[in-house]
Amino acid sequence: MNFTCRLGPSLAYMLLFVTALLSTTSLATETEALKAGVFNPAREAPDFSVHGSDGTALTLSRYRGKVVLLGFGYTSCPNVCPATLAVLAQAHRKLGPLGSQVQVIYLTVDPERDSPERLKQYLAAFDPTFVGGSGTAAQMAAVRANYGVTAEKHGTGSDYAIAHSSFVYLITRDGKLRALMPFGHKADDYVHDISMLLY
Amino acid sequence: MNIVRPLHKRQPIVMAVVVVAALSAVAWAAFAPVTFASREETFEIPKGTWARRMAGNKVEILPSQVFLTLGIRDVLLLKNMDDVPQIFGPTLMMPGQSFRLPFEVASSYQFACTAHASGQMTVVVDEQPDTPWRRLLWRTRRVFRVAA
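Residue numbers (the working numbering), protein chains in the order written: chain G, 1 to 199; chain S, 200 to 347.
Hints are computed from structural coordinates only; laboratory data are not their basis.
Be careful, since some hints might not be right.
Stated by the list, open to error - Here are the simulated BS3-like pairs of lysine-lysine, each with C-alpha atoms no more than 30 Å apart in a straight line: (1) LYS257/S - LYS246/S; (2) LYS94/G - LYS66/G; (3) LYS66/G - LYS186/G; (4) LYS120/G - LYS176/G; (5) LYS186/G - LYS176/G; (6) LYS176/G - LYS246/S; (7) LYS120/G - LYS94/G; (8) LYS66/G - LYS278/S; (9) LYS278/S - LYS246/S; (10) LYS176/G - LYS278/S; (11) LYS94/G - LYS186/G; (12) LYS153/G - LYS257/S; (13) LYS153/G - LYS94/G; (14) LYS278/S - LYS186/G; (15) LYS176/G - LYS66/G.
What the hints assert, rightly or not - Coverage of chain G stretches by chain S, computed from C-beta distances (three or more under 8 Å per stretch; other residues unrestricted): (16) 40 to 50; (17) 58 to 72.
Note that the coordinates shown come from a computational prediction; the quantities given were computed from them, not determined experimentally.
Idealized CB from N, CA, C, for every residue including glycine.
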């Protein structure tokens, strides 16, 4: 009897330890199995406050509780941005009801031309739930610096182009910068990774 | 009693040995499985890199081209052990942070990279050498790449 009593707590501690160990292993396996590039340890995604295409102040923290896909681009981009947004829209559709737990944010690297209104019109062509963000050149440059995003203007006059980072950040529900999806991945890869981050 | 054969009489034997050796090497290159201890190709930005670069030293950490192979070594693992944040390719890495990027499509990927003196890095991902002919090609390319 005494033996059972002594063994009880020990067994409970052992079970707790094994469960914790298994959950750690499971988490490690999950992050390693993502199609995107994974940061370890994940750092806090830098917050920002810019003009949202929905007419309000757009902050990252507003979307705590959702998985955020954060991309950088511009509406005059001839190929990379429309291709990326089309893939994101396709992934969003494929997620079905889970899509409501995901928010796509697209921040402009061309605040000179991309007003919040223009972003709204542009993004709506892909998915009306996508939110865009613009601001002053200094504001947007500061956000880019925090995320390690590059943007370089090429050409002069009104018909210039901008060479910019073409990846999408995957931010967890609790605001951690967990992963980065390079350009060229298919919608199914996003669906795969988002599903893993949601659970 | 040693009999020393003239050179012109030994030549066929030498030739035969060379041909057998060459064929054996080709057979090995074609049929021996390609294996690595890990699927990760790891690069580490060492502590003090930024300071050395700021002091005017030319610091080459990452090669301008990294070669990966699907199914065998197809994961790029980067570690920033420096005291300051570093941009590798698309990403900003904090001190002590690592970034693990798997590849699933054979292609050539361009990355900007401030840790590299040229500011550019290319990751070439080859197809999995899963047939004798592909293994032979893969090993031949590797010899030339190492020599380059």
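For each hint, the structure was consulted:
1. Between LYS257/S and LYS246/S, the direct Cα distance comes to roughly 15 Å. Compliance with the 30 Å bound is thereby established for this hinted pair.
2. For the hint linking LYS94/G to LYS66/G, the alpha-carbon distance of about 17 Å falls within 30 Å, and the restraint holds.
3. Under the criterion of a C-alpha separation no larger than 30 Å, the hint pairing LYS66/G with LYS186/G is consistent with the structure, at around 21 Å.
4. A distance of roughly 26 Å separates the Cα atoms of LYS120/G and LYS176/G; the hinted pair therefore holds under the 30 Å criterion.
5. A threshold of 30 Å between alpha carbons decides the hint, and for LYS186/G with LYS176/G the separation of about 23 Å falls inside it, so the pair holds.
6. Restraint check for LYS176/G and LYS246/S: the C-alpha separation of about 25 Å stays at or below 30 Å, so the hint holds.
7. Using a Cα cut-off of 30 Å, the hinted pair LYS120/G and LYS94/G holds, with the two alpha carbons roughly 22 Å apart.
8. Annotation: proposed proximity of LYS66/G to LYS278/S holds, straight-line Cα distance about 29 Å (limit 30 Å).
9. Taken as a hint, the LYS278/S and LYS246/S pair is honoured in the structure, with Cα atoms around 11 Å apart against an allowance of 30 Å.
10. Between LYS176/G and LYS278/S the CA atoms are separated by roughly 19 Å; this keeps the pair inside 30 Å, and the hint holds.
11. With a C-alpha separation of about 12 Å, the suggested pair LYS94/G and LYS186/G falls inside the 30 Å cut-off, and the hint holds.
12. A threshold of 30 Å between alpha carbons decides the hint, and for LYS153/G with LYS257/S the separation of about 28 Å falls inside it, so the pair holds.
13. Straight-line distance between C-alpha atoms of LYS153/G and LYS94/G comes to about 35 Å, which puts the hinted pair past the 30 Å bound.
14. Straight-line distance between C-alpha atoms of LYS278/S and LYS186/G comes to about 27 Å, which keeps the hinted pair within the 30 Å bound.
15. Simply put, LYS176/G and LYS66/G have alpha-carbon atoms about 11 Å apart, close enough for the 30 Å limit, and the pair holds.
16. As drawn, the stretch 40 to 50 of chain G meets chain S at 3 residues by the rule of a beta-carbon pair under 8 Å; at three or more, the given contact holds.
17. Remark: the stretch 58 to 72 of chain G is not confirmed as covered by chain S, as 0 of its residues place a Cβ nearer than 8 Å to a Cβ of that chain, below the required three.
The structure fails to meet hints 13 and 17 from the earlier list, while all remaining hints are met.
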